[in-house]
Amino acid sequence: MKKLIIALLITLIAFSSAVPVFASESIQNSPDNTYSYWLGYDDKNLVPAKPIYEVSKTIIGNDIGYNGVNFVPTDIFCAEDGKIYILEADTSRVTILDKNYSQISNFTAVTKNGESIMFDGATGIFVHKDGRVFIADTNHAKVLICNSNGEYISELDLPKSKIIPKDFEFYPSKVTVDKEGYIYVLSKGSTYGALLYNSKYGFEGFYGANTTKTTIGGFFSQIWNNFVMTDEMLSGQIKSIPYQFTDFCADSEGFIYTVTGNTSETEQTGQIKCLGPSATNLLRVKQTDKYKNSNDFNFSDTNSSTVHLVNVDFNGIAVDEDGYIYALDSTYGRIFVYDKECNLLSAFGGGFGEGKQKGVFSLAGSIDAKNGKVFVVDQNLGTITVFGETKYGALVKSADAHYLSGDYEEGYDLFKKTLSLDRNSQVAYRGLAKSCIIKGDYKKALYYAKCGIDYESYSQALEMTRSDYLNSNLWWIVLIIVFVIFAIIFVPLMLKKKNKKLITNKKVICMLSSSVHPFDASYLIAKENMGSVPLAVICLVLFFIAKVLQDTKSGFLFSRFNAETYNSVMTLIGSVGVVLLWSVCSWAISVLFEGKCRLKQTFVIASYAMIPQIINSILFLIFSQFLTSDEAVLISIISVLSLILSGIVIVIGNMTINEFNFFKFLGTAIVTLVAMFVCIFVIFMVAILMQQLFTFFATVMSEVMYR
Amino acid sequence: MKRFLCKSASYILLILICICCCSCNKNNNIKTKMPDIDAQNENSDISVENSKYSLSWDNEYKTVYLADKENNTLLSSALYLPDKSINPDYCDVLSIEYFNSTAGAQEILTAKSNKDNCSFSSKKTKNGFSVTVLFEDLKILVPFSVTLNDSSVDVSVDIKNIVESSKFRVYRVCCLPYFCSCQNSINNYYVIPDGNGALMKTDERGIGNPRSYEASVYGTDLSQEILEKTSNTKDIKMAFFGMSADKVSVASIITNGSEQASISAFAGDKSIGNSYANFYFQIRGFKKTKTPNGYSHRFTDEKIKNEKVSFSMKLSDAYTDYVKICGIYREYLKDNYKMSTIKSDTPLSIRFLGALTVKDFVFGVPYSKVEKLTSFNDVKSILKEIKEKTDVIPDVQMVGFGESGLDTGKISGGFGFTDVVGSKEDLSSLLGYVGKNGINCYFDFDVVNFSKSSSGFSKTFQNAITCNKTAAVVPQYYLSTYDADKDNARLLSRKCIKKAVDKTISFIKKQKINAVSLSSLSKTAYSDYKDNSYYVKGNMIKDVRNSIDTLSKNKISFASNNSYDYVTASAKRVFEVSTDSSEYNCFDEEVPLYQIVFKGYIPLSSYSVNLSGNPQKQFLKSLECGTSISFTLIGNYKTEFATTYNSAIISSLYSDNKNTIFDMVNKSSKYLKNVEKATIISHSILENNVHKTEFDNGTTIYVNYSNDKNTADGISIKPMDFTVVGK
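Taken in sequence, the protein lines are chains A and B. Residues 1 to 707 in this note's numbering are what the first sequence spells out, letter by letter. Residues 1 to 727 in this note's numbering are what the second sequence spells out, letter by letter.
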């Protein structure tokens, strides 16, 4: 038996190491990879994707008539008439280009009654559809408003208002205007949100702001500090203030989209927000239940690099006329394209501070998007990169638009075509699932919904399939149910009448009755030695098998199986390992507290207590195949009941075999849990030491071999 | 017990002594004894000439000149200031990069012959002269020679006779760094064979900052273990660069030591008024590691075991265009590799992907499993359908049919085919079908990368090692962060490549296969620091050429994938030829240099249409150069494959692509058949993104890459379409 267990463990460990890493035949898109993330029940899954944008032009100073002079663009804005406005902070210049990227005009100062107002150091530009040009003149603490010839119209200074804090410093960095004519100004260093002016340039107040994230730990720490610290000490503490927006823009419907570079020192979430009139975040991640709203959603790459040791830092945002959100990351130089429901269509660009190639960046500083084009300013290289939509890009956007608007039937061909060009398109799978439901092809809908990890569509299709199945197979299903009920009621009665028993072994009877008659079973185990170690081992093995089957073979709607991370060795440790550890620790502690138990009895009780869990896993496995999401409550009830039942068996069993009262048991149980943690800690320490020892020997071996 | 302990201690001591002895390398190829260079010095100007040119050594200014018969200086090792005087900062005949071998963190330092304290010795040779430069402070002596031939200037650096001190050692040498220079002008340009090829114009832009380029010939050394990456680049596949300029044009070709070379170019520097390009030759390997303060290098003690490195600057008229410069390089390849014109070509190439390693579970325990992408029967039925619909016989490459599929596993796929793609009978049936229909079917084998030991190739003993004496791994980079996964494939020891190829030959002979492709070997150059012959990718060309010779001796057809020139020159077909450069910002135009060199001599297939981000553009790029259009196909797809990060399979399903294949082949086969044997004699980029290519059989194709209808030479071309004129 011992040998068998060792052999089994070795096999498990050997299997678990045989995991593929990367395929050698994958494409390396030049100069950077394009990819997307699939949204599922769990974390985001990165997948390679077909490019939706490609570089159509890289504009340098020479191309727009700046030969022999420096050209360092700071910000860019594409006006509704197709003209492109480029702001240069160093040279205090605004250049206006036509649709073909040829210079129409430029101005280096705003003229007011013949006087020139320079705007060197300005970092933001916005052009209203009525032709007004807004320049966020950071260094001069004002927003200049002029026409496209640079003639002065007005300016916005720091308003005199009670709302403005005394120490507020006004350094306007970005400016935007919504469809109602309200002007929003971001000020560098301000954590109060944007300054809001009405169309007559009157100050209205602050608009929107990030909030500090409060954790439970932080909350309790604050309470504790209030108790133990003096006022002086409290005032010396670092206060957490909200992170400020790095950029914002207004969409055609009047919503304000904001982006924040860093939202936390540890985990980055909620970097992009869509603020409505009441300044609440309206962005929702609809494809997964994991996030209630986008505040908890990480819009950047999930894992920060271990080589580059940096985090994604969003510093630009743009929204095109179709509502697609373009977020610019200055660290990697990537552009993330999201739809309104936070589905990532593609991430492209790159360069990671080098940016020697076309389409990647050294310091991506600003972004705008209009008419199928994305413009990115590189402040280090002095270039503007124009990305044009690929045919696939246009197709996938069109398919996504149909999906978001619910035109599933009309979008069927688009979803199909998208899938034929990129088998990794989640939106195509989800769209096809919805289309198939509408068409009544539920079998295909189930397939596509499963491929696209679309629980909602799967649940709908499953309900319809189940209903169809029941309609056509009702008679024999009813027959089986009647037969089973008949068997359950009458077979025991008949056996009793004939004085026959199905099971005669008392130990087996004791085991099976432990869940329904825990007092009797515990008494038999304690006093009449009816506990059986082989039966307990069988229980444990069955418990492990049922757990693994529950994890890996449950129905799609209820399965949380992640092939990337799953390993049944962990399940073994988490099930059998915990039972064994509990048995040993509980026995040791109970003996210490004058309990009457033996190790065998503790182990048997703990193992028998897993019988409700085995039944729960089996029922979960069966019900998960045909229950829909709305009926999940049934599975939850069974799970809770089985947990309660297992708890009762353990409590009563341990009280009986130790002859403890409830409170004494409770005390020993708590100490047992502590002992378990200590054991785990020791095991980890030993494992780490062993690993270091092996590494040392491996290093010596490699030195010997290669020298 | 005491005795046992004593015995154990003695054994451990013995092992430690052995380890120490093993780690003490002998530096037997480092010369440290300085020769008396004054004794050799002729101490005078030297000049040699032929019917067209004269080549001179100016002993006063220590410069080299090339002049024509009218005494107009065409090329000079010095750059000139506007007042015609020599620019003191740019007048060196030799530039070296060196390091202090006694320092803990070895930093790369630069020394220039005319700036640092140097002594020169010059001597006339048959058609030129030899010069020895002694860097007095560094105690480094570098000999080189310059020779004038009919229409070329040949330069060679005598690596073997470089003398170094025990403290300072040479890392790289660059001879005549400014010889291939020209004035900054929009009409002058450099021809850079980066990826497919690009032009770098020499005009001054903006405020006149220089635009620079540098890359290793035949790619970065894979055994260098680059754990940091910021973007994807493409390799230099041909060992030359060109200069088209107002005084003279040059095709500078590396004739020896191309594996060790880097091409660097600087254009448009307003402060010097000139642009220049040159070769740097690396003679030592190094390991680069990131430190908190930047980077630290650790160089090898020994130099590469190589007699000399040399390059030849072939001279031609002023403003010779890039097509003619490529022609000069083609002639060099023809002379060296006996490249001859092709007899026939096919308009279509197909690359089938066989299988893929995926994760599966046995009772919840993960293990690697090979999943079918395309079976032998799928291949057969797809080929049948394509033949029926297009009447075209394609060339076929079978990739990833080995035991681990597309993933790196055993060497040459374990010299077997995975069961999931079909049985032996299925293979025989496929081979019978392709044989009967005259289809060239190349089975691809990886004889470079491996991750499992098998068939005498041990992962522990038969792998290449880095200069840090650790196993050389081929890192795979994560899509988003570019972090390297180091636990990936290893590189086969350079000594074992021949053995792997021999075993592959015997395996395919057994299977009755007569065509093979070694795609990894054809586009990989790497070092193995077990032997100094293999330092800095040394002798890679020789090793690979030997393997190719073995294949031809065994009458096995050989194909390659986007291969380096020394492989392409002998291949029966080159699949997946890239049609882009690395798209550096310093490049002005993308030009198909590779196709210009090889079209008409080697059958070329362009990068797969269906894998491209813009399939129509990729189709047009194939037609622009008259190369076969290509598709990468699979027969089956599962969504589980998404997490294998394999981007090659996401748009490769045959059923998704077949209509595109039929349309494109039917649209282009007549034109491609017409130009199958033709070479490119002219190529130009016209206004509005229209490209024009002329072939030697009189056919001209105009390709319009813009989204608007355009007219060129009076011919109208639809948006994103082409028009063929002539035969």
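Accuracy of the hints is not assured; some may be wrong.
[As the list claims (entries may be wrong)] Examples of chain A residues toward chain B, derived with CB under 8 Å: (1) 60; (2) 71; (3) 149; (4) 359; (5) 363; (6) 381; (7) 422; (8) 573; (9) 576; (10) 625; (11) 626.
Honestly, the hints are just simulated from the structure, not real lab data. It should be emphasised that the depicted structure is a prediction, and the values quoted were computed from it without experimental measurement. Backbone N, C-alpha and C define an ideal beta-carbon position, used for all residues, glycine too.
Structure-based check of all given hints:
1. Look at residue 60 of chain A: its Cβ gets to within about 7 Å of chain B, closer than 8 Å, so that hint holds up.
2. Below 8 Å, beta-carbon pairs count as interface contacts, and residue 71 of chain A has one with chain B at about 6 Å; its hint therefore holds.
3. Here the hint on residue 149 of chain A is broken, as its CB sits about 26 Å from the closest CB of chain B, past 8 Å.
4. A distance limit of 8 Å between C-beta atoms decides the matter here; for residue 359 of chain A the minimum to chain B is near 7 Å, and the interface restraint holds.
5. Proximity of residue 363 of chain A to chain B is violated relative to the hint, the smallest CB-CB distance being about 13 Å (cut-off 8 Å).
6. Because the closest C-beta pair between residue 381 of chain A and chain B is about 7 Å apart, less than 8 Å, the hint holds.
7. The beta carbon of residue 422 of chain A comes within 5 Å of a beta carbon in chain B, closer than 8 Å, and the hint placing it at the interface holds.
8. Annotation: residue 573 of chain A was flagged as interfacial toward chain B, and the flag is violated, the nearest CB pair being 12 Å apart, outside 8 Å.
9. Hint status for residue 576 of chain A relative to chain B: violated, with the closest Cβ pair at about 13 Å, above 8 Å.
10. The interface hint given for residue 625 of chain A is violated, since its Cβ lies 18 Å from the closest Cβ of chain B, which is over the 8 Å cut-off.
11. Interface hint at residue 626 of chain A: violated, since its Cβ lies 22 Å from the closest Cβ of chain B, which is beyond the 8 Å cut-off.
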